[in-house]
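S.K.: These protein sequences, in sequence, are chains A and B.
Residues in the first sequence are numbered consecutively from 586, following the numbering used here.
Residues in the second sequence are numbered consecutively from 586, following the numbering used here.
What the hints contain is simulated information worked out from the structure, not anything from laboratory work.
There could be a bad hint or two in this list.
Because identical chains cannot be distinguished in the list, a pair is counted as satisfied if it fits within a single copy or across any two copies.
What the hints assert, rightly or not - Subject to a maximum C-alpha distance of 30 Å in a straight line, what follows is the list of computed BS3-like cross-link-like pairs (lysine-lysine):
| hint | residue 1 | residue 2 |
| --- | --- | --- |
| 1 | K928 | K682 |
| 2 | K599 | K682 |
| 3 | K702 | K723 |
| 4 | K667 | K857 |
| 5 | K761 | K823 |
| 6 | K667 | K823 |
| 7 | K682 | K702 |
| 8 | K603 | K682 |
| 9 | K602 | K702 |
| 10 | K645 | K602 |
| 11 | K928 | K723 |
| 12 | K928 | K603 |
| 13 | K602 | K928 |
In this text, all values refer to a predicted model and were calculated from it rather than measured experimentally.
2 protein chains.
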Amino acid sequence: MLPFEKTEYQHREKRIKKSMEAQGIEVLFVTDPANMNYITGYDALSYYVPQGVIVSSYLKEPICIIRQQDVYCALHTTWMSKESIIPYPDKYLWEPKVLHVMDFVGDVLREKGLHNKRIGVELDSYYFNAHWYHRLEKSLPDAELVDATSLVNWIRGQKSTKELEYMQIAARIVEKAMYNAIENIDVGVRECRVAAGIYSDLLNGTGVYGGEYPSLSPIMPAGERTAGAHFSWTTEGKYQKDQLVYMELSGSYKRYHAPLTRTVFIGKPPEKVRETAKIVIEGLNVTLSTIKPGVTCEEVEQAWQTTINQYGLEKESRMGYTVGLSYPPVWTENTAYFKPGEKTVLKPNMTFHIMPGMWLDGYGVAITETIRVTENGCETITKFPRELFIK
Amino acid sequence: MLPFEKTEYQHREKRIKKSMEAQGIEVLFVTDPANMNYITGYDALSYYVPQGVIVSSYLKEPICIIRQQDVYCALHTTWMSKESIIPYPDKYLWEPKVLHVMDFVGDVLREKGLHNKRIGVELDSYYFNAHWYHRLEKSLPDAELVDATSLVNWIRGQKSTKELEYMQIAARIVEKAMYNAIENIDVGVRECRVAAGIYSDLLNGTGVYGGEYPSLSPIMPAGERTAGAHFSWTTEGKYQKDQLVYMELSGSYKRYHAPLTRTVFIGKPPEKVRETAKIVIEGLNVTLSTIKPGVTCEEVEQAWQTTINQYGLEKESRMGYTVGLSYPPVWTENTAYFKPGEKTVLKPNMTFHIMPGMWLDGYGVAITETIRVTENGCETITKFPRELFIK
Chain A
586 MLPFEKTEYQ HREKRIKKSM EAQGIEVLFV TDPANMNYIT GYDALSYYVP
636 QGVIVSSYLK EPICIIRQQD VYCALHTTWM SKESIIPYPD KYLWEPKVLH
686 VMDFVGDVLR EKGLHNKRIG VELDSYYFNA HWYHRLEKSL PDAELVDATS
736 LVNWIRGQKS TKELEYMQIA ARIVEKAMYN AIENIDVGVR ECRVAAGIYS
786 DLLNGTGVYG GEYPSLSPIM PAGERTAGAH FSWTTEGKYQ KDQLVYMELS
836 GSYKRYHAPL TRTVFIGKPP EKVRETAKIV IEGLNVTLST IKPGVTCEEV
886 EQAWQTTINQ YGLEKESRMG YTVGLSYPPV WTENTAYFKP GEKTVLKPNM
936 TFHIMPGMWL DGYGVAITET IRVTENGCET ITKFPRELFI K
Chain B
586 MLPFEKTEYQ HREKRIKKSM EAQGIEVLFV TDPANMNYIT GYDALSYYVP
636 QGVIVSSYLK EPICIIRQQD VYCALHTTWM SKESIIPYPD KYLWEPKVLH
686 VMDFVGDVLR EKGLHNKRIG VELDSYYFNA HWYHRLEKSL PDAELVDATS
736 LVNWIRGQKS TKELEYMQIA ARIVEKAMYN AIENIDVGVR ECRVAAGIYS
786 DLLNGTGVYG GEYPSLSPIM PAGERTAGAH FSWTTEGKYQ KDQLVYMELS
836 GSYKRYHAPL TRTVFIGKPP EKVRETAKIV IEGLNVTLST IKPGVTCEEV
886 EQAWQTTINQ YGLEKESRMG YTVGLSYPPV WTENTAYFKP GEKTVLKPNM
936 TFHIMPGMWL DGYGVAITET IRVTENGCET ITKFPRELFI K
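Chain A on its own, in the form it takes in the complex:
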């Protein structure tokens, strides 16, 4: 069963085509797996080989190009007719300098009479590397290849009712995982055991809804390692007395994500940790009260920065990003960010992960929320006590 009505996919396609038209793009070749999913529904763990979706007003519906052995995955998860699923044989993978999947893509476009069009490609995305680009260019000498990075990502910004429902489910899932993880953390407990419990909760889901694997594995450093922004658990480490821990997790449902971060201290937290947590929470609360339709992203960041600056703190990195549908390696949507200079204007039903993580000298504190911009403000999709947890 498709996660959305066929009409919702078609509505998305219509909006994408409108954006293409505005940018003078006649054919769009999408390789980002989240964008492929958004357009067609395609959902499989096959994104480590080249694959893509073609959108064009010259076509009656999108075309999905995938590996031969994934045909059934495409037939089973997309809304289009069988004719729009075009598989390539494995030999296109075997000697990528001799015969490449992009040669096959070029041939498909030629066959459809689209080889001499203005073709948009996702130049700056995870799944379109330099070699693929060169091969596609070579395969399409009569085409004009133009950059269409994030064209679809921007369309994904404002979520539909159904998409928000899925993010709510992802939020219920991550809340449960976070609750149990905080419960499980204790002196002498193995870090990997807590991680195992987290994944178990993320996948078991709620009583009604099962979970999916998150696009990024939990970030969950302990002790000094909290000073780094992207540490996993350690394989043999055990939690110790007087240790600081933060956990950045996300539930996933139908590939929709709702990240949540909380910080825990095992023992009596030192003044500086308590103080940092207080400032982060105050900054986060000010951020939440600033967000509403019509406000720009830079204004949101400014409100946060001003708040923490009062206490002598400063955050150099962006403090929020759009979130929703995603595949590995990460759950960001790669469009709007809460950062200086970002002029994007907030609109209802945009969804963000507000990420006020502070990585300081020898320790770090992160307390975050996934939010939705409402008609006149914002609400958190994640619901969890906003505090420094003490164990």
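Keeping the supplied structure of chain A fixed, place chain B upon it in accordance with the hints.
M.R.: Then chain B, alone, in the frame of chain A:
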């Protein structure tokens, strides 16, 4: 603590430099996270932003370029001196068309006097997209950029004693997960619950060693979906009577992987499933008895193909690939494959995932092993009964 002695990293660097020299590459810029880890030890969940490692005989040791907030991750996980960790500020991420991390990389190379060298880049890898390449090219007008895809991957082929130890641990972990998953599968059990159990086992590890997240989430379709090669579990599905299930899982330890696949039938398997499993196992056994130093990859594939052809079966896709150190999106090493035309000669301590998956009309069977080429043959690293499991 580093997973390897400093001398092992230095030995790797030496071998990489030798290969660079043979290819006339003066500077190597590595962005594949597994290759970065192999050279420096760098291990963090930060691979979704641009980062890289520079190797050159002009440098006393490799340089690691990472995001400012990941400095502590680099200091904590690499063997080099502090001076060789060079962080870039977040502003290089904010407007990738205006200011890009590759501009920063260009500046670092210029500062080191390496801007006019012959520089190898990993053109055809997951983490070096078309835009990065264009920016690096623009940033280094005096350099000659050449393709060095898989240069480091090939060096990684023959494993050291310590690397094999880690793969053995990953194997013990995946065996436990597979054992329990087969135990847990039953009529009416939720697929997501079995998946949760698998992740729990993969991360809890053995009594002694904790596990890490695998580079690819388990592939575990049930019923008709076994006809597709890359399905995950479903969020609400429950296992049913007379259903076929296969599970492709991997343990991970210090990022070393040992994948294993088994097929299960819930009930009395129909003749065609029983027969396919028998053929796959026979083909796998013939493959194992063919593998030894001096044999080429195509000869191995030929032995497999000939065996299954006798029974009227044929496999179009490659039936094995090198495996070891990896990060998402997948655990293949992207070097040698068991496929027609592959002239790579097997050597002792190369490690492969033998992947005789058959995706047929309406069902699929996969029974696989991770193996090591020994001095005079091969041995499986994964140890698990090689049969069709009946529940």
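S.K.: I want to check one pair: K761 and K823. Are their C-alpha atoms no more than 30 Å apart within a copy, between two copies, both, or neither?
M.R.: both (22 Å within a copy, 22 Å between copies)
S.K.: For the identical chains here, do K667 and K857 meet the 30 Å Cα criterion within one copy, between copies, both, or neither?
M.R.: between (61 Å within a copy, 26 Å between copies)
S.K.: Is it within a copy, between copies, both, or neither that the alpha carbon of K928 lies no farther than 30 Å from that of K723?
M.R.: Only across copies: K928 and K723 sit 27 Å apart there, 37 Å inside one copy, limit 30 Å.
S.K.: Since the copies are identical, ignore which copy is meant and state whether K602 and K928 lie within 30 Å (CA to CA) inside a copy, between copies, both or neither.
M.R.: within (24 Å within a copy, 46 Å between copies)
S.K.: Between the shortest in-copy and the shortest cross-copy C-alpha distance, which are at most 30 Å for K928 and K603: within, between, both, or neither?
M.R.: within (22 Å within a copy, 49 Å between copies)
S.K.: At 30 Å max between alpha carbons, let me know whether K928 reaches K682 within a copy, between copies, both or neither.
M.R.: between (42 Å within a copy, 16 Å between copies)
S.K.: Check K667 against K823 for me: Cα-Cα at most 30 Å, and say if that holds within a copy, between copies, both or neither.
M.R.: between (53 Å within a copy, 27 Å between copies)
S.K.: Cα distance capped at 30 Å. Does K682 pair with K702 within a copy, between copies, both, or neither?
M.R.: For K682 and K702, both the intra-copy (25 Å) and inter-copy (24 Å) Cα distances are at most 30 Å.
S.K.: If the cut is 30 Å between Cα atoms, do K702 and K723 qualify within a copy, between copies, both or neither?
M.R.: both (14 Å within a copy, 27 Å between copies)
S.K.: Is the C-alpha distance from K599 to K682 at most 30 Å within one copy, between copies, in both cases, or in neither?
M.R.: Between copies only: 27 Å across chains, 36 Å inside a chain, cut-off 30 Å.
S.K.: First find the shortest C-alpha distance between K602 and K702 inside one copy, then the shortest across copies, and answer within, between, both or neither for a cut-off of 30 Å.
M.R.: Within one copy only: 15 Å inside a chain, 44 Å across chains, cut-off 30 Å.
S.K.: When no copy is specified for K645 and K602, does a C-alpha distance of 30 Å or less occur within a copy, between copies, both, or neither?
M.R.: Classified as within; 12 Å inside a copy, 53 Å across copies.
Every hint, counting from the list given before, is met by this structure.
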